[in-house]
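Each chain, written out:
There are 2 protein chains.
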Amino acid sequence: MFAAAERGHRLDKAGFERRLQELRRVLLAAQYRLLRDPRFALVILAHGEPSAGRTEFVNHLTTWIDPRHVAVHAVDPDGVTAAGRPPMWRFWTLLPPRGRITVLLDSWYTEPLLDRLCRRIGRRAFEERLAAINAFERMLDADHHHLLKLWFHVPVRDLKRRVDALRRDETTAWRVTPEEREFVRAFRKRSDEVEKALAATSTPQAPWRVIDGHDKHWAQWQAGQALRTLLASRLSRGPERPPPRPAPVRRPPATPNALSALDLTATLDEARYNRELARLQARLAEAIRRKPFRRRSLVAVFEGADAAGKGGAVRHVAEAIDARFLTIVPIAAPSDEERARPYLWRFWRHLPVHGHVTIFDRSWYGRVLVERVEGFCAPATWRRAYAEINAFEDELVAAGTIVAKFYLTVSPAEQLRRFRERESTPWKRFKIGPEDWRNRAKRHAYDHAVLDMLAETDTPAAPWTLIEGDDKRFARVKVMRRLVEAVETAL
Amino acid sequence: MFAAAERGHRLDKAGFERRLQELRRVLLAAQYRLLRDPRFALVILAHGEPSAGRTEFVNHLTTWIDPRHVAVHAVDPDGVTAAGRPPMWRFWTLLPPRGRITVLLDSWYTEPLLDRLCRRIGRRAFEERLAAINAFERMLDADHHHLLKLWFHVPVRDLKRRVDALRRDETTAWRVTPEEREFVRAFRKRSDEVEKALAATSTPQAPWRVIDGHDKHWAQWQAGQALRTLLASRLSRGPERPPPRPAPVRRPPATPNALSALDLTATLDEARYNRELARLQARLAEAIRRKPFRRRSLVAVFEGADAAGKGGAVRHVAEAIDARFLTIVPIAAPSDEERARPYLWRFWRHLPVHGHVTIFDRSWYGRVLVERVEGFCAPATWRRAYAEINAFEDELVAAGTIVAKFYLTVSPAEQLRRFRERESTPWKRFKIGPEDWRNRAKRHAYDHAVLDMLAETDTPAAPWTLIEGDDKRFARVKVMRRLVEAVETAL
Numbered sequence: 011m012f013a014a015a016e017r018g019h020r021l022d023k024a025g026f027e028r029r030l031q032e033l034r035r036v037l038l039a040a041q042y043r044l045l046r047d048p049r050f051a052l053v054i055l056a057h058g059e060p061s062a063g064r065t066e067f068v069n070h071l072t073t074w075i076d077p078r079h080v081a082v083h084a085v086d087p088d089g090v091t092a093a094g095r096p097p098m099w100r101f102w103t104l105l106p107p108r109g110r111i112t113v114l115l116d117s118w119y120t121e122p123l124l125d126r127l128c129r130r131i132g133r134r135a136f137e138e139r140l141a142a143i144n145a146f147e148r149m150l151d152a153d154h155h156h157l158l159k160l161w162f163h164v165p166v167r168d169l170k171r172r173v174d175a176l177r178r179d180e181t182t183a184w185r186v187t188p189e190e191r192e193f194v195r196a197f198r199k200r201s202d203e204v205e206k207a208l209a210a211t212s213t214p215q216a217p218w219r220v221i222d223g224h225d226k227h228w229a230q231w232q233a234g235q236a237l238r239t240l241l242a243s244r245l246s247r248g249p250e251r252p253p254p255r256p257a258p259v260r261r262p263p264a265t266p267n268a269l270s271a272l273d274l275t276a277t278l279d280e281a282r283y284n285r286e287l288a289r290l291q292a293r294l295a296e297a298i299r300r301k302p303f304r305r306r307s308l309v310a311v312f313e314g315a316d317a318a319g320k321g322g323a324v325r326h327v328a329e330a331i332d333a334r335f336l337t338i339v340p341i342a343a344p345s346d347e348e349r350a351r352p353y354l355w356r357f358w359r360h361l362p363v364h365g366h367v368t369i370f371d372r373s374w375y376g377r378v379l380v381e382r383v384e385g386f387c388a389p390a391t392w393r394r395a396y397a398e399i400n401a402f403e404d405e406l407v408a409a410g411t412i413v414a415k416f417y418l419t420v421s422p423a424e425q426l427r428r429f430r431e432r433e434s435t436p437w438k439r440f441k442i443g444p445e446d447w448r449n450r451a452k453r454h455a456y457d458h459a460v461l462d463m464l465a466e467t468d469t470p471a472a473p474w475t476l477i478e479g480d481d482k483r484f485a486r487v488k489v490m491r492r493l494v495e496a497v498e499t500a501l
Numbered sequence: 011m012f013a014a015a016e017r018g019h020r021l022d023k024a025g026f027e028r029r030l031q032e033l034r035r036v037l038l039a040a041q042y043r044l045l046r047d048p049r050f051a052l053v054i055l056a057h058g059e060p061s062a063g064r065t066e067f068v069n070h071l072t073t074w075i076d077p078r079h080v081a082v083h084a085v086d087p088d089g090v091t092a093a094g095r096p097p098m099w100r101f102w103t104l105l106p107p108r109g110r111i112t113v114l115l116d117s118w119y120t121e122p123l124l125d126r127l128c129r130r131i132g133r134r135a136f137e138e139r140l141a142a143i144n145a146f147e148r149m150l151d152a153d154h155h156h157l158l159k160l161w162f163h164v165p166v167r168d169l170k171r172r173v174d175a176l177r178r179d180e181t182t183a184w185r186v187t188p189e190e191r192e193f194v195r196a197f198r199k200r201s202d203e204v205e206k207a208l209a210a211t212s213t214p215q216a217p218w219r220v221i222d223g224h225d226k227h228w229a230q231w232q233a234g235q236a237l238r239t240l241l242a243s244r245l246s247r248g249p250e251r252p253p254p255r256p257a258p259v260r261r262p263p264a265t266p267n268a269l270s271a272l273d274l275t276a277t278l279d280e281a282r283y284n285r286e287l288a289r290l291q292a293r294l295a296e297a298i299r300r301k302p303f304r305r306r307s308l309v310a311v312f313e314g315a316d317a318a319g320k321g322g323a324v325r326h327v328a329e330a331i332d333a334r335f336l337t338i339v340p341i342a343a344p345s346d347e348e349r350a351r352p353y354l355w356r357f358w359r360h361l362p363v364h365g366h367v368t369i370f371d372r373s374w375y376g377r378v379l380v381e382r383v384e385g386f387c388a389p390a391t392w393r394r395a396y397a398e399i400n401a402f403e404d405e406l407v408a409a410g411t412i413v414a415k416f417y418l419t420v421s422p423a424e425q426l427r428r429f430r431e432r433e434s435t436p437w438k439r440f441k442i443g444p445e446d447w448r449n450r451a452k453r454h455a456y457d458h459a460v461l462d463m464l465a466e467t468d469t470p471a472a473p474w475t476l477i478e479g480d481d482k483r484f485a486r487v488k489v490m491r492r493l494v495e496a497v498e499t500a501l
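Chains as they are written, first to last, in the numbering used here: chain A, 11 to 501; chain B, 11 to 501.
The following block holds chain A by itself, in its conformation from the complex (with noise of 0.2 Å):
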């Protein structure tokens, strides 16, 4: 990919200033277009060698356009500030919304190719963090985050004298960093290894451009139409449809299945209850204040059927954990400002630091449970979400989360007594409305539903527990019992 970026084609000043005034007025109308219509964001990775102009790019670029809207980010690289959290969090955290365009100095790939460069991964490890990457930029493309990825390039034999005039001269000194430096002598031995990664990462809907940077001008011509090509493109794509509205099911999952195989029957009586629902919350506290959960932390998730006790399974597990330590994150409608950004991002913003916990009253399983059966989104978008989740889950068990996910079901006998309970209980009639009676009616599309999710997303690093919900106690014990176990075994 690089060949044909070293012809050190040139531009010359006045041929330049020329053509920027067009490009300057379509990128700023295509920006204008885009803020009042605030169909997709944008997102810009501007790496490259140093010397090969991409700090000027990005210092030009939120001159061409409105600079009100646009983010230029760089990252920190030690990745202090995710605490705990995923490295991809950083990122994450950093995702504009929909209408707007973000500038990433430092992106996903900083790290791995670093990391490989100085030989500290494998080839294998190296590349299976290109496929996650591959997969992660396809989500972001599919929730409307589009990718401009460009590579400023420079001849590796002129690189060292190219560097060596930035860091002489003392106004431009400063950008070269020790981690560039690191970057630019591994580089110059191992130039092939980035142009495969280049080539394995550039796919359809997010394609690297590598920008010759043998002469400024052009370097930053080139850059800019990239940008207009792009807007262009993206800009001129219909409108989102609307999903379709899904058909209605009418026959139950073939039987026998994950669910028709739960003994709903099983109880557990008060004596036995009050004990070991004591001492599990015991031996979990315990374990939350042990020295190597500081280390460590856990994201517990709750699903389950309407009245099926998720409610008091969570709140009898949030007994168990000093309030400082837990955060419970109730998932309802979301917010304009998650509405905009891609549909992990709501989950990601509330992920635990190194000695926390996080419990998620209903979750990202949103998306192929309720979702998937109102037919709020399209049947495309929650087929994917299956493979985004378990990569979701992957990263927070690869920084040490402990995860533990329960599926708390009910029998529809059992479900009907509760609704009319709460119809009849004066302080519990605002738990139950028409929307659960309606669900109630889909029970087969949820079960439906349900199996598939168990299907595809019960992984060995974050496996599900299902929950036989009729008798409240044995389900909060039962839930305790996994919740203890699963983070004694983590420590």
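The set of hints was computed from the structure by calculation and includes no laboratory data.
Any given hint could be a false lead.
A pair counts as met if it fits within one copy or between any two copies, since identical chains are not told apart.
Below, a list of computed lysine-lysine pairs in the DSS-like style, where the Cα atoms sit at most 30 Å apart [as the list claims (entries may be wrong)]:
#1 170 to 301
#2 170 to 441
#3 170 to 226
#4 23 to 482
#5 226 to 452
Because the structure is a prediction, the values reported are computed rather than measured.
With chain A's structure known, arrange chain B on it following the hints.
Frame of chain A; chain B shown alone:
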């Protein structure tokens, strides 16, 4: 205040459990009423001496009410997370949206109390901090964030024995942190100063409730009752009335005044403009890269009449600053997350860390300009905003942030010319709409608002600079010069 809480009241377990049933029902109903009709947020400050029951209260509270809608925070005491922002930033970012309840185990009282007890600050400084707290809490209350301030207390004569008992028990020893031991030592000598501080910050809208912590059941019962009373009183208030429509302003402000005194005929020829602008941009760029700026930050505020050249001025400042250290925050309609919090929250969340620059394109002055003139808020609201804004900017300056504020004016004739030019230039048409013409008709009302703003908020720490905007070159150079002076003087 402590004597009344040293009577050693007791409540036996059975009596407590019996009362708790009813208390929980009432609290839960109140919590759900608040969630469904989110008129206010509740912030509970749980302070007190160790062993007096505050930890128990907080952990029990999350079992009494629905823990999914309660957040509990223990704040990093050394303030590392603030990274150069004012100390209060840690608490601002934790404020809940309306409808929710947040418990703070450390609050804006923690540091001043400890600093004073340990004689790290003098009496005068301490009193100033308490006065600032009173102003802050008045603002919170007026912005629908009500406070329940609890102080769990045991007599000084019992304190050492009780804390020693906590420390001996390995299940509670972790609760007594080094900061708390330091606090206990100082408190035993100077509890009367704490008492005076509580009295000084017991305001009508946010009084302290001292809880007798001799008996744990009594303490929890009292704290629960205090919460119940507060919720009931705040829920019984009627909904907020929409602000009255402001009367039209037909008279211009009396002359001469700060606006009429401006010489709008000042111009700058192109050659001098190019030379001066380049020189000033270079000086700003250099100042921001200097080492002392790594412990400082810059907030630049731009306000101005429509078409006065705000956008261009912002763009020319931005050109001078390395994009990786710059954030431009354009202020338009608030998001729903912002609307649910006190007014200034949306600005606190964008404050720069050390070494960074944030430009606010429109700002917190919106409250005393557009919101006043258009009647978006009640007169009482914009009137109190002056003092709130001055306090906010004082905090910024005290934290080492350089604050520069610009108001750009334009003569009616020049404004008209620019409006017409915008309408007739295809790629400027997006910059003008019916709203701009309406604002123009309200010129007198805006002039009054601007003059009041200058009179109330032109402080030595954060002065306003008025910019004559009829000649864009003159305006841009004046902005740059003032900004360079502000930064160079500060470093």
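Comparing the hints with the structure gives:
1. 170 to 301: This pair counts as between: shortest inter-copy Cα distance 27 Å, intra-copy 48 Å.
2. 170 to 441: Result: close neither inside a copy nor across copies, 68 Å intra and 47 Å inter.
3. 170 to 226: So residue 170 and residue 226 pass the 30 Å test inside one copy only (17 Å; across, 72 Å).
4. 23 to 482: between (76 Å within a copy, 26 Å between copies)
5. 226 to 452: neither (62 Å within a copy, 49 Å between copies)
Of the numbered hints given earlier, the model fails hints 2 and 5; all others are met.
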